[in-house]
Amino acid sequence: MTRIDHVAGERKTSGVSLQGVNKWFGAVQVLGDIDLDIQSGEFVVFVGPSGCGKSTLLRLIAGLEEVTEGEIRIGGRDVTDADPSDRGIAMVFQTYALYPHMSVAQNMGFGLKVAGRSKQEVTGKVAAAADVLRLTDYLDRRPGQLSGGQRQRVAIGRAIVRDPDVFLFDEPLSNLDAELRVEMRIEISRLHQSLGNTMIYVTHDQTEAMTLADKIVVLRSGRIEQVGSPAELYDDPDNLFVAGFIGSPKMNFLPAEVRGGAIRVAGHPVPDPGLRSRPAEGTKLLLGIRPEHLRLAKPGEPALTVTAQFAEFLGGTTYLYGAVAEGVDCVMEVDRSVDTRQGAVLNVTAMADDIRCFGENGLRLR
Amino acid sequence: MSSATMDPAVRAPVRARGRGRIRYHRLLFHVTAVLVALLFLAPIFWVVAASFRTPAESGQPPLPPWPTQGFSIDSYLRLEKFGQSILHYSGNSLFVAVGTAALTIVVSTLAGYGFSRFRFPLKGLVFLLILATIMVPFQSILTPLFLLLAKLGLQNTLIGLVLIYTTLQLPFSVFMMRNAFDAVPREIEEAARIDGVKGVRMLVQVMGPLVLPGVVTVGLFAFLNAWNEFLAALVLLTDQSKFTLPVLMTAVRSGRFGSIDWGAVQAGVTVMMIPCLILFLILQRSYIRGLTAGAVK
Ligand SMILES: Nc1ncnc2c1ncn2[C@@H]1O[C@H](COP(=O)(O)OP(=O)(O)OP(=O)(O)O)[C@@H](O)[C@H]1O
Ligand SMILES: [Mg+2]
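Note that the protein sequences, when read in sequence, are chains V and P.
Just so it is clear: in the first sequence, position 153 is 153 by the numbering used here, and no numbers are missing.
Here the numbering used here runs 1000 ahead of the position in the second sequence, where the first position is 1.
Honestly, the hints are just simulated from the structure, not real lab data.
For each residue, glycine too, the CB sits at the ideal point set by N, CA and C.
Just so you know, not all the hints are guaranteed correct.
[Stated by the list, open to error] Chain V stretches covered by chain P per the calculated footprint, using a threshold of three residues with CB under 8 angstroms from any CB of chain P:
id : stretch
1  : 99-107
2  : 110-120
[As the list claims (entries may be wrong)] In silico EDC-like pairs for lysine to aspartate or glutamate, Cα to Cα no more than 20 angstroms straight-line:
id : chain 1 : residue 1 : chain 2 : residue 2
3  : V       : 250       : V       : 225
4  : V       : 250       : V       : 236
5  : V       : 113       : P       : 1189
6  : V       : 215       : V       : 235
7  : V       : 215       : V       : 238
8  : P       : 1198      : V       : 81
9  : V       : 113       : V       : 81
10 : V       : 113       : V       : 71
11 : P       : 1198      : V       : 66
12 : P       : 1198      : V       : 86
13 : P       : 1198      : V       : 235
14 : V       : 113       : P       : 1190
15 : P       : 1198      : V       : 83
16 : V       : 284       : V       : 326
17 : V       : 250       : V       : 235
18 : V       : 215       : V       : 171
Extracted from the complex, chain V is given alone in its bound form:
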């Protein structure tokens, strides 16, 4: 850890804030009205489907793209028009983007060299970063002679050596195989703990987002859908999109209707989720229930009937895929002792607290 302290130097970490940021590429609006506050030292993850503007948002913060409208502040300083090298950021690219003609040491030290630091200082910082990332034996190699994981570590090392206020990562792990990805994820997480910098991380993998983030920003089509801690987004999604995006397997969405004073799915009443304003008779709703919240009903309890289709046995858990009604599929976590043969009919219910209601417009009803 002392080595890491040495790398970090005396840190004045700083938050990032975006106000009313819009980005247009020609006539196409890619980001709209982004307001975001990132606290100093926070690990923030941008998630969203492909093409939603995550990378663009990160590149705006990095200064690699110009904002069309709005303001970006890093550590309280307005950097909207500042050069990327003057923003106190460092970025790790998906493709690593190492300089192929330089050795690992030169790659890591290039930024400092350009900034005119002394050779001694550069060598010292590179050595310290290499030590943290276990790259000491590879300092003289070219990037072409390294494995994918090692290259990614060099890219991270290059960022560390710059001693930035804010680290930016754009899908840094997506070129690695599954095992290495988990390993590097833990490494990045550890790095965040020891360096304490603000880190912004882009991914479309919600597992990565959940495991790494202090705060997740869910984006869709250039707009922020919701911001919150992983637990907040998981437990308390604002809308259908966030509810469906976070969590694996996905949350079940069951079409329901208010009839006879009760919310019914395929005619069966479900436990009352206790909405503050009761929807009117005949209102159509969507009920969101996570697979682990569906459970077998006790005899006599009001329940939905689920017809089993197939099951996935994962060792610790079993996921049962079935249908609540014609064309309404659902997934539930069951005990391995449950009969999951095709065609088996199960009576299923959930706790009232675990049921989320969404209006037809996709917004959450509370």
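Since the structure of chain V is provided, determine the placement of chain P with the ligands on it from the hints.
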């Protein structure tokens, strides 16, 4: 015991047939390659061999091409005696070729970088126009070029020749360099921007090494074309002391009594080939990489 004796007997014919097929293919490949190589080497051999004939023999019918009446370097001596020394003319050629290569590299690198990485109005059209000039045979614009040079006061100068050669070389070179820059991932440049690299430093320290194969290709082409070019040099240079080697060859030709001194011509051509061969052999690795850049990932 019995299996030990049987095994080789059973397997041998199979193996032999398999190896035979491979040998046959390789033989065919090598024979073809040798034939093609011979085809290309034959004229070179012819010239070099003929340059060593004796003066008496050098005017004889060229079959066989090699010296039959003894080996002689007299042709080279006669070449040396013509006009100023051959070194002087080699110097002219070298100046023109190196000047053309250098100027072409500088201009096409800057232009290729611009076309690859900057946005400006009418970029597509301008690039197309540059490429389109390849389709104009340069002989047809020799007269206007000559007039242009005369206006600039550069007629009959080697600098003027360098300018003309560079102009002719640029369309291909700009195209080549744009492709070379296009093949460099944008992220590398962005990483460098974050590292604080700007302007010329970006071009020289970050992009330069990555487009080096392209630079070598462009430079080599410019050098060879300028070194070997004949027509423009013949038209533009009137002063014998300014002649480049190809023009010199025509002058040698009409040597004593107006007859053609074939021996000296062969000697001159041999001398001319040497720098090209050396350059090509030194640079061939980068050069081949440049031509196929981006073809394979
Ligand atoms: N230079 C550009 N010019 C025009 N449109 C662009 C440009 N860069 C990105 N876009 C568009 O902006 C949108 C957002 O792109 P962005 O790269 O930010 O998506 P993303 O969320 O990072 O997606 P992915 O997960 O696939 O990386 C896309 O629709 C893309 O087509
Ligand atoms: Mg992206």
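Going through the hints against the structure:
| no. | hint | verdict |
| --- | --- | --- |
| 1 | 99-107 | holds (count 3) |
| 2 | 110-120 | holds (count 4) |
| 3 | V/250 with V/225 | 17 angstroms, holds |
| 4 | V/250 with V/236 | 15 angstroms, holds |
| 5 | V/113 with P/1189 | 16 angstroms, holds |
| 6 | V/215 with V/235 | 14 angstroms, holds |
| 7 | V/215 with V/238 | 15 angstroms, holds |
| 8 | P/1198 with V/81 | 16 angstroms, holds |
| 9 | V/113 with V/81 | 24 angstroms, violated |
| 10 | V/113 with V/71 | 31 angstroms, violated |
| 11 | P/1198 with V/66 | 17 angstroms, holds |
| 12 | P/1198 with V/86 | 12 angstroms, holds |
| 13 | P/1198 with V/235 | 47 angstroms, violated |
| 14 | V/113 with P/1190 | 17 angstroms, holds |
| 15 | P/1198 with V/83 | 10 angstroms, holds |
| 16 | V/284 with V/326 | 17 angstroms, holds |
| 17 | V/250 with V/235 | 13 angstroms, holds |
| 18 | V/215 with V/171 | 17 angstroms, holds |
Of the hints listed earlier, those the structure fails to meet are numbers 9, 10, 13, in rising order.
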